[in-house]
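J.: Here is what each chain is made of, one letter per residue.
2 protein chains.
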Amino acid sequence: MALIVHKYGGTSMGSTERIKNVAARVAKWHDAGHQVVVVPSAMSGETNRLIGLAKEIMGQPDPRELDMICATGEQVSVGLLAMALLAIGKDAVSYAGWQVAIKTDSSFTKARIQSIDDKKVRADLDAGKVVIITGFQGVDEDGNISTLGRGGSDTSAVAIAAALKADECLIYTDVDGVYTTDPRVVSEARRLKTVTFEEMLEMASLGSKVLQSRSVEFAGNYRVPTRVLSSLTDPLLPLQEEANSGTLISFEEDKNMEQAVISGIAFNRDEAKITILGVPDKPGVAFHILGPVAEANIEVDMIIQNQSVDGKTDFTFTVSRGEYQKAMGVLDGVKADIGAASVMGDAKVSKVSVVGVGMRSHVGVASRMFRTLSEEGINILMISTSEIKISVLIDEKYMELAVRALHKAFDLEKE
Amino acid sequence: MALIVHKYGGTSMGSTERIKNVAARVAKWHDAGHQVVVVPSAMSGETNRLIGLAKEIMGQPDPRELDMICATGEQVSVGLLAMALLAIGKDAVSYAGWQVAIKTDSSFTKARIQSIDDKKVRADLDAGKVVIITGFQGVDEDGNISTLGRGGSDTSAVAIAAALKADECLIYTDVDGVYTTDPRVVSEARRLKTVTFEEMLEMASLGSKVLQSRSVEFAGNYRVPTRVLSSLTDPLLPLQEEANSGTLISFEEDKNMEQAVISGIAFNRDEAKITILGVPDKPGVAFHILGPVAEANIEVDMIIQNQSVDGKTDFTFTVSRGEYQKAMGVLDGVKADIGAASVMGDAKVSKVSVVGVGMRSHVGVASRMFRTLSEEGINILMISTSEIKISVLIDEKYMELAVRALHKAFDLEKE
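Protein chains in written order, with my numbering: chain W, 302 to 716; chain B, 302 to 716.
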């Protein structure tokens, strides 16, 4: 008997028929003798509907009140799923985050989980019940409802699995695992049976939509064995087959028998690059440029400062394309303050990254990557590296070409 | 400065535009120096949508889980209304029932309020905030969400007003007060400036839809001055004019200057009558007939047992028309057990009632009522009386005629 946490996304919970499918799948695990905790998202479209109502009333919705409203989507989901289980004769009970309680800080709309009380849940599991807990939300120390931000249900599921010391956290989603790259771009893309926590973290932060970054961080920090698998299979698929499907995020690098140099290629089409030219090179210049950008709540990704020439330097950074205009506006305001010559930007750039723990022990990954791009005539605009990934910024029109060429160059189509 | 509780129904909260109107009205009261607590219902249609989802999954939804789901409608409303107030510069905060806390028993879907903690609310009011509390719901001692049943937001508002010892509870609704009878039936129907708590209670239980019976009981038990008034007036109507509009439910009979013998005529079209013939007249017969009916959760209204002849009696009672078939089914089952000759029923009957505290001091109300019906050629099928009301059951085709004739006979069109 194992303790398993299931997480289902909004698409899997998208209609009462689909909720019945989820119940059938959960019942199968429970029938096999496992203790099951389920963390569902809101029904697809519901969170957007609620945010839409809020914005009709208040252009910039008050964060506390927005959380009050948005938390209801998951509350409806857990109640419906509990009923779907009760309807097929499974004892089940639903809880909102505050009932568990899942304690968070008070950063409304982007709260962080601080603690989870497992007492109620354990008692229910021991009594043979399936326990269904709202994803995405918690309660702060003053009893206010908080939410974790978009995609927060993944984080809730992993955090609950950590608190309960679950044997595995199964993230059911509309893809059947983590691929070497997006199969829509490279048809030879191959599903990975395992991926290390660190690789998954890089992939998540580099734009892979499979798992939210924070949930991967949580899984890593608390060493929660987490599996990404499909919610679109027949719910009555034999349990052993389902239990081994998808991609397992592992913590045991040495057991990773695939031994590939790199595991995958991540990309993010919607990047924008901004360069401030002729900046006097003196202490504090990076702060004077990026401070106002951060204050405007714009997230900066890659940052490069050129070698200074004649006491002047150029400063380049990237933001997501949706924030490009806003960032340019901010910099127009600070250009004079910092004595820069001019600001130029390019909103038609994309980022391509190769990721793999194998880089640690293999030299030549960077050179193979740069040679491949060079052979395809693709100019590299910026480079950024970490221990297990290399990212390049390129013209967006070359993005698919770059991903396909790199996928082939690193033999990712091969098992 | 007074402490005022406002309650708004689902129609008043039916769109973001209407919610902004509610905010403008609330702000007007706050601007005038009053402390204001607002209890809104779910947006119109929302509770039905949620119940519909639940029924798609479970024909007879589990009550605890149904409450989990249905409580979200009001949670969205309070958040949106708080935002609408914040958007016009009013400090406001929303609470779900469990946050206040409004404690109830564990009778899910029809819970009863046991206590309301006023500490948090008072602190917010003293800090100048408008406090917005979900209607319809609370939390039981185990931390489960409970709801009070349909129309429960009226009860929540009155209970909150009682707990806070509010100066007045204003029930804003889509009618502008309590009328001598339904204006759709009698065009001369007149709005009452005041009505006593007891009259209101009779009218509510007799089918007037203006206020839910339980909320009137609460208002009576805790002597909460409660006013029914229109939410359809211009929100910027001068405060004094609005404060004196509608109908006040009073507790001071002697100050009721209208001094009419009766205050209004209530009616309920959808009644059904069931008669069990030839029942052996022995102790326990009423229990043996009505026990199984109550067990089937069917509410019985009027009950008559005839004078026994030759040791046999007839037993007649009424139920709401929607439960007629179910009740007949139950009685077919018990007919043999009690040795009754036969069961007959009539689902085309209606109830008409005259209500008024003036009956206590005026004789002849019954005779005037019966003479009026007789003059119109309307046969009376059953009669039931209380200290301040007389109800008759008649053929449904005469219902409007009876109401109009009685309205005229008791001079209700005159101030």
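Just to be clear, a hint being listed does not mean it is correct.
Put simply, identical chains are the same to the list, so a pair is met inside one copy or across any two.
Capping the alpha-carbon separation at 25 Å, the derived lysine-lysine pairs in PhoX-like fashion look like this [what the hints assert, rightly or not]: (1) Lys329 with Lys391; (2) Lys356 with Lys627; (3) Lys421 with Lys404; (4) Lys404 with Lys420; (5) Lys709 with Lys466; (6) Lys391 with Lys321; (7) Lys356 with Lys321; (8) Lys391 with Lys356; (9) Lys613 with Lys421; (10) Lys391 with Lys510; (11) Lys649 with Lys698; (12) Lys329 with Lys698; (13) Lys356 with Lys329; (14) Lys430 with Lys356; (15) Lys510 with Lys430; (16) Lys329 with Lys613.
Calculated from the structure, these hints are not laboratory results.
J.: Against this structure, judge whether each hint is valid.
T.: Structure-based check of each hint:
Taking the shortest alpha-carbon separations for Lys329 and Lys391, only the intra-copy value of 10 Å comes in at or below 25 Å, while the best inter-copy value is 52 Å. Taking the closest pair of Cα atoms, Lys356 and Lys627 come within 25 Å of each other only inside a single copy of the chain (20 Å); across copies the shortest separation is 47 Å, beyond that limit. Taking identical chains as interchangeable, the C-alpha atoms of Lys421 and Lys404 lie at most 25 Å apart whether they share a chain (14 Å) or sit on different chains (20 Å). In the homo-oligomer, the alpha carbons of Lys404 and Lys420 lie at most 25 Å apart both inside one protomer (14 Å) and across protomers (22 Å), since each shortest distance falls under that limit.
Proximity of Lys709 and Lys466 under a CA criterion of 25 Å is satisfied in neither setting, with 40 Å inside one chain copy and 76 Å between copies. In this assembly of identical chains, the alpha carbons of Lys391 and Lys321 lie at most 25 Å apart only when taken from the same copy (12 Å versus 44 Å across copies). For the homomeric pair Lys356 and Lys321, the shortest alpha-carbon distance between copies (12 Å) is at most 25 Å, but the shortest distance inside one copy (32 Å) is not. With identical chains, the CA atoms of Lys391 and Lys356 are at most 25 Å apart between copies only, with a shortest distance of 17 Å across copies and 40 Å within one.
For a Cα distance limit of 25 Å, the shortest separation of Lys613 from Lys421 qualifies neither inside one copy, at 62 Å, nor across copies, at 59 Å. Within a single copy, Lys391 and Lys510 get their C-alpha atoms no closer than 33 Å, and across copies no closer than 40 Å, so neither meets the 25 Å cut-off. Only within a single protomer do Lys649 and Lys698 lie at most 25 Å apart by alpha-carbon distance; the minimum there is 8 Å, versus 76 Å between protomers. Taking the shortest alpha-carbon separations for Lys329 and Lys698, neither the intra-copy value of 47 Å nor the inter-copy value of 57 Å comes in at or below 25 Å.
Taking the closest pair of Cα atoms, Lys356 and Lys329 come within 25 Å of each other only across two copies (23 Å); inside a single copy the shortest separation is 41 Å, beyond that limit. Taking the closest pair of Cα atoms, Lys430 and Lys356 come within 25 Å of each other only across two copies (22 Å); inside a single copy the shortest separation is 39 Å, beyond that limit. In the homo-oligomer, the alpha carbons of Lys510 and Lys430 never lie at most 25 Å apart, since the shortest distance is 32 Å inside one protomer and 42 Å across protomers. Taking the closest pair of Cα atoms, Lys329 and Lys613 never come within 25 Å of each other, the shortest separation being 66 Å inside a single copy and 60 Å across copies.
Violation of the numbered hints given earlier is confined to hints 5, 9, 10, 12, 15, 16; the remaining hints are satisfied by the structure.
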